[in-house]
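Engineer: Keeping their order, the protein sequence lines are chains A and B. Per the working numbering, the first sequence starts with residue 1, numbered consecutively. Per the working numbering, the second sequence starts with residue 342, numbered consecutively.
These aren't lab readings, by the way, just hints derived from the structure by calculation. Be aware that a few hints might be false.
[Said to hold, decoys possible] Once the Cα atoms are required to be at most 25 Å apart in a straight line, the calculated DSS-like pairs of lysine-lysine come out as: (1) A/Lys167 <-> A/Lys12; (2) B/Lys384 <-> A/Lys113; (3) B/Lys384 <-> A/Lys12; (4) B/Lys384 <-> A/Lys131; (5) A/Lys167 <-> A/Lys109.
[Claimed, not checked] Derived, one-sided and incomplete: chain A residues facing chain B with beta-carbon distance under 8 Å: (6) Lys12; (7) Phe43; (8) Ala188; (9) Phe282; (10) Ser304.
[Claimed, not checked] Across the chosen pairs, the derived CB separations fall in these ranges: (11) B/Val421 <-> A/Gly132: 41 to 51 Å; (12) A/Arg171 <-> B/Ser435: 48 to 58 Å; (13) A/Val24 <-> B/Ser420: 22 to 32 Å; (14) A/Ala322 <-> B/Pro426: 43 to 53 Å; (15) A/Asp39 <-> B/Gly368: 39 to 49 Å; (16) A/Met193 <-> B/Gly411: 40 to 50 Å; (17) B/His364 <-> A/Met193: 55 to 65 Å; (18) B/Glu423 <-> A/Pro31: 55 to 65 Å; (19) A/Asp39 <-> B/Leu361: 14 to 24 Å.
All C-beta atoms, glycine included, are put in the ideal place defined by N, C-alpha and C.
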Amino acid sequence: MTSVDTEVPSRKFFFREAIARALVEEMIRDPRLMVLGQDVGAFGGTYREFAGLHARFGAERVRDMPVAEASMVGIGVGAAAAGTRTLVSITYMDFLLLGLDPLVNYAAKLRYKTGGQLRAPVVVKTTAGAKGQGVAHSQCIEAWMMAVPGLRVVAPFTPGDAYGLLKTALREDGPVLYIDHKRLFQTAGPVPMAETFVPLGCARIVRPGYDVTLVSHSYALVPTLAAAEALAAEGISCEVIDLRSLAPLDLSTLCQSVARTRALVTVEEGQLTCGVGSEVAFQVRQEVAIDRVARVGAVPAPVSSNPVLEAACLPDADRVQAAVHAVLGTRSGDGPHRAKL
Amino acid sequence: MIYKLQVPGPIADVEEIRILEWHGAAGTLYAENDLVVELETYKAVIEVRAGQAAYLRAVLCEAGDWRRIGETLALLSDSVDEPLPTTTNADDLSALTVAFAIV
């Protein structure tokens, strides 16, 4: 989508409810769809995002699994390859590492190595990001997953996109990694009343602007949008783009924006080295010749469970603002002005 | 005395809630500790109970409505026929009412 979404009739949902609604609709439609994961059953999910599914669809289709991520993803991928469709919930993305072999070496390759005869329609749903839980429960490693051919990666920011992206993911032929951020579960927002799909590979312009393009995804859009608001007061107009889909990337929307603004700042909660921003910046610069580029991300350190140190690790609005000033050659506190072009 | 019942807070990470269910209507007399309304946060249901005896006089939002922390949900009073403020403006209401005690 290359422009701001048009208004559609909607109702306000908590983020978790948007996920549950997508699953209810898809489980009604496809009786082969199963949900596997820790606490997905009667408990309703760590973030209550599976609430009601167990009561409605039963223990055969909503299965609690032991703390054994490799087996869980393996079973989900195998069952999908055998003709079902599965959603495997890995509560924290850090522990997806244990389940990468079946996801990367089997699910993502299956269609290729069988000449299209077998497919693994599996969605691995997980939760990334820092929220006071320390070094091994806070990571954003989605950039690693962007480098796996055959694996699609999505990361919604709004409840409406959580609903629409999960719906689309649950109809894909191959594996999709669907990533929430822990801090998004406390949000609420409009979800279309009518059944809606958000296509993969389709970014969204969250805030139109003309001086600089800010590209982000998931919860990192919070500091990004806060910085855009603060910069607007200084006379700098930021166009903010929510990637929504990391693989495939919506290069068209990104390039059209950067071709207008001639400046790009990427913002992510993950590491900068081989990060989402590195990939975005390189791919955009292959198409649009610009030299005003900056990346904002976590500092190269494990994320502490100490809230002060956690905050120090992560990108915030001030760092985004500083990066924008650096690429535009402007200074904070100069007062209202147009950026130097 | 006219009281305003507000969305309690602060609650960690919660900015807004959804009204789940009212337990009473205009005219209901609550004793201390009676359940007045249930509110839904992103992860839990909060029971709001009366911290004092009072009549529920005006319910300002319905089940399914969203309100932010501190916003007024209802007006209550000590006596059943005490005249209510006619304004619905939040600032004016604040000047004419006191916070209803809850537990």
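Engineer: Confirm or reject each hint.
Structural biologist: To see whether the hints hold, each was checked on the structure:
{"no.": "1", "hint": "A/Lys167 <-> A/Lys12", "in the structure": "18 Å, holds"}
{"no.": "2", "hint": "B/Lys384 <-> A/Lys113", "in the structure": "43 Å, violated"}
{"no.": "3", "hint": "B/Lys384 <-> A/Lys12", "in the structure": "16 Å, holds"}
{"no.": "4", "hint": "B/Lys384 <-> A/Lys131", "in the structure": "15 Å, holds"}
{"no.": "5", "hint": "A/Lys167 <-> A/Lys109", "in the structure": "23 Å, holds"}
{"no.": "6", "hint": "Lys12", "in the structure": "6 Å, holds"}
{"no.": "7", "hint": "Phe43", "in the structure": "12 Å, violated"}
{"no.": "8", "hint": "Ala188", "in the structure": "6 Å, holds"}
{"no.": "9", "hint": "Phe282", "in the structure": "36 Å, violated"}
{"no.": "10", "hint": "Ser304", "in the structure": "19 Å, violated"}
{"no.": "11", "hint": "B/Val421 <-> A/Gly132: 41 to 51 Å", "in the structure": "48 Å, holds"}
{"no.": "12", "hint": "A/Arg171 <-> B/Ser435: 48 to 58 Å", "in the structure": "51 Å, holds"}
{"no.": "13", "hint": "A/Val24 <-> B/Ser420: 22 to 32 Å", "in the structure": "48 Å, violated"}
{"no.": "14", "hint": "A/Ala322 <-> B/Pro426: 43 to 53 Å", "in the structure": "49 Å, holds"}
{"no.": "15", "hint": "A/Asp39 <-> B/Gly368: 39 to 49 Å", "in the structure": "43 Å, holds"}
{"no.": "16", "hint": "A/Met193 <-> B/Gly411: 40 to 50 Å", "in the structure": "30 Å, violated"}
{"no.": "17", "hint": "B/His364 <-> A/Met193: 55 to 65 Å", "in the structure": "29 Å, violated"}
{"no.": "18", "hint": "B/Glu423 <-> A/Pro31: 55 to 65 Å", "in the structure": "59 Å, holds"}
{"no.": "19", "hint": "A/Asp39 <-> B/Leu361: 14 to 24 Å", "in the structure": "23 Å, holds"}
This entry does not satisfy hints 2, 7, 9, 10, 13, 16, 17, going by the numbered hints stated previously.
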